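Undergrad: Sequence:
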Amino acid sequence: MTSALKVPPGSQCALPTVAIASMIATALCSLLIGFGYNAYVVSGYAIKDITEKIMLRIDCPFVEVAEDEEVEEEVEKVSKYTVTPPRDLRSKLLLMMEGREKEKIRLEEEKAAEIERNRMLDEEKRPFDSLEGQRIHGWILLKEGKDVEAPFFLEPTTGFRYELDSAMYCGIESLWNDKNYWINMQQCTEGMSCIEYDLTDVEKWEHLLIGEPIGSRKYKTEDIGEEDDGGKEMYDEKHLDMPLSWSLPISMPHEALATRFPNGSKTSHYKRTIVEEFAPYVMSDGLVTRIASYKDFDCTVLVKIEERYKNRSDKLYKNVYDLETNIVEDYFHPGREDGCIKHTHYHNKESIDDFRILDFNNRFDGLIKIETDLKHLTEHYANRDDFQNNRHTDYGPKTDGRRRDIIKITEKYDRNEKLHYADDINIREFNFPTREINIKYHYGPSQITYSTRYFQKPPPAEIGEVETFHPELTFGYQSDLEAKPPTLVQLYYLLEKQMKDEERLTDDVRIMEKQIKDFLFLRNRELAFPSLEVSLFNREQNIENRMAMLQEEAEAKLQMDKEMEEETDYFGPYIAKFDNPHMLSSFQIRQLKLQCLTDFKEMLVNRANNIQKKFEKFSEILQQKQAWYNQNYDDLTEFDIQSTMQEMSYIIFYMHTLELRLIRHRDLSASRYEAVAQYLEDHKFN
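Position 255 of the sequence shown, counted from 1, bears residue number 255 in our numbering, the numbering being contiguous throughout.
Below, in silico cross-link-like pairs of lysine-lysine (DSSO-like), each with a Cα-Cα straight-line distance of 27 angstroms or less: (1) K53 <-> K304; (2) K613 <-> K601; (3) K593 <-> K577; (4) K412 <-> K375; (5) K53 <-> K125; (6) K304 <-> K318; (7) K497 <-> K484; (8) K398 <-> K514; (9) K53 <-> K271.
Simulated restraints, written as ranges between beta carbons of each label pair: (10) N524 <-> E52: 41 to 47 angstroms; (11) D405 <-> N524: 25 to 31 angstroms; (12) N118 <-> D178: 45 to 51 angstroms; (13) Y443 <-> M645: 51 to 57 angstroms.
Hints listed in this document are in silico derivations from the structure and should not be mistaken for laboratory results. All of these numbers come straight from a predicted model, not from anything done at the bench. Quick reminder that beta carbons are idealized off the backbone N, C-alpha and C, glycines included.
Using the sequences and the accompanying hints, generate a full structural model.
TA: Structure (structure tokens):
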């Protein structure tokens with residue numbers, strides 16, 4: 001755009017940046033007015049950061065601010081009875097000295113924080129500008145109207161919104177739009193806060209064209225007889241209306257609109273942040289935004305990288321890498337086959353033994369989260385039929401070349417109201433080295449203790465022997481003192497069930513480990529060979545598919561035209577019976593034509609008879625249905641009535657179609673017979 005601003009030597013013109021800003025403001029104002037907004041182009045003065053588009057002192061608008069979770073304050077319950085706290089036997093002198101030391105450390109930390117805060121403010125402070133208040137600029141004023149409750153400034157070069165008293169702008173010379181041109185008669189020496197924007201006040205805003213725009217006029221209520229004078233005034237000032245625009249409508253190719261930026265990319269520098277933006281499908285991995293956050297103002301110490309994606313086949317839409325903690329967070333849209341929506345892990349740590357958190361949604365097994373590291377594996381569940389909400393696995397030290405040994409498995413369950421609380425398991429622990437099984441049941445109503453049961457598994461040599469049971473290897477506690485103690489048979493079956501569940505749980509844990517390994521393998525492949533989804537309506541990315549579809553349509557149209565051009569040979573099957581059809585006599589040809597007409601007439605009659613038979617058949621079925629319905633109406637349920645009515649409605653509809661087909665066949669049979677006869681008469685076959 002600057003290359004177009006060529007002038008002869010010795011001439012003077014506006015600076016290229018001023019011209020560009022004015023053109024951008026004019027184009028944006030035209031678009032806003034076209035969409036119904038009350039927009040004005042502002043010609044005035046701005047600071048250097050605005051005129052030269054320096055955004056180093058502006059907070060990055062792309063950074064998502066985490067919302068603070070509302071923490072409910074716990075209200076201390078005042079009990080009627082309180083326990084006297086024990087005496088504090090600590091030395092008051094030592095406590096006082098410890099308090100002074102903590103206060104000293106706190107003051108030092110506050111002082112260091114204040115120094116760092118002042119240093120950052122000094123870094124962000126705008127340098128001295130000798131041309132402050134003299135740099136010409138153009139921007140947008142949006143006044144009350146469509147979707148705008150209070151007026152504000154809109155910077156066209158960045159799209160940022162500023163209030164009317166913003167220090168980014170130093171003064172206003174004039175406003176204009178398609179209605180009029182207003183010259184500012186107010187002083188701007190004290191900044192923008194003292195300027196009023198009532199454009200109808202001619203003492204503060206001088207009009208270039210006399211009169212107010214029609215939308216801003218205030219009319220007085222007059223008598224009906226004075227209507228002619230008002231009409232005369234309106235026609236008298238008709239010459240002051242702005243002419244229609246002589247410029248052509250804005251036309252932008254779809255390809256240029258899809259590119260979004262020159263060459264498909266753009267880099268912006270904000271306060272301690274560098275943002276790279278890419279148009280969709282420019283990057284092979286679907287990257288559209290990369291936000292690099294830095295610790296210092298000069299952007300040399302990188303602390304976090306956030307990447308945003310679009311159209312990924314693996315549903316990845318955001319990746320956050322914190323360099324200070326070395327933790328990476330991958331976010332996925334719902335729709336993955338494994339149900340994963342978030343993956344938290346250390347950078348370049350792709351082993352199942354490393355720290356990892358996986359969040360899921362809409363899993364058939366109710367799994368919502370997995371937390372794993374070298375010594376632990378925790379699975380969180382929700383809305384399961386067996387009421388399980390947690391399973392925690394502890395591992396022993398890993399030996400080379402072997403998978404981790406399971407030391408302990410702990411399961412937790414929610415309350416199942418269908419079971420008695422004394423039989424409803426809350427926590428179940430399987431300790432493999434000591435061969436112990438601990439069961440804790442849910443609390444009962446108004447109880448402060450819960451029932452427990454402990455099992456010491458029999459030696460491996462005795463496992464499987466049904467008749468072997470050692471009562472001394474189990475003991476328990478019942479919170480309900482009035483309940484009967486379990487019998488030995490009940491305890492035996494309970495132990496047998498727990499031992500079977502222990503084997504099943506071991507297999508489930510190994511299966512979960514394999515699922516995690518498969519997920520990591522899949523993620524490595526998705527990162528190494530990313531693929532993008534392309535919409536069927538994307539014209540730029542579906543060129544090959546579009547060309548193939550157009551070719552198929554052209555071939556189908558060509559085939560249809562060919563079939564329409566070719567005539568149906570009714571006489572061909574009859575003369576094909578003879579070896580030498582050219583030697584047929586005139587009598588034979590007449591006989592064949594007569595046979596052809598007879599067969600065609602017979603076909604028409606058979607078709608009509610078939611339709612009539614179908615109609616009579618379904619009519620009989622309908623009568624039977626109606627008779628059965630009337631006979632058994634009192635014994636039918638609502639579902640039976642609805643299904644029967646639907647069946648009869650379908651039969652009636654089908655009979656109606658048969659009737660229409662029969663009528664159409666009757667009306668067209670004569671003309672079709674005549675057409676075949678005329679075809680046989682007009683064509684010579686010898």
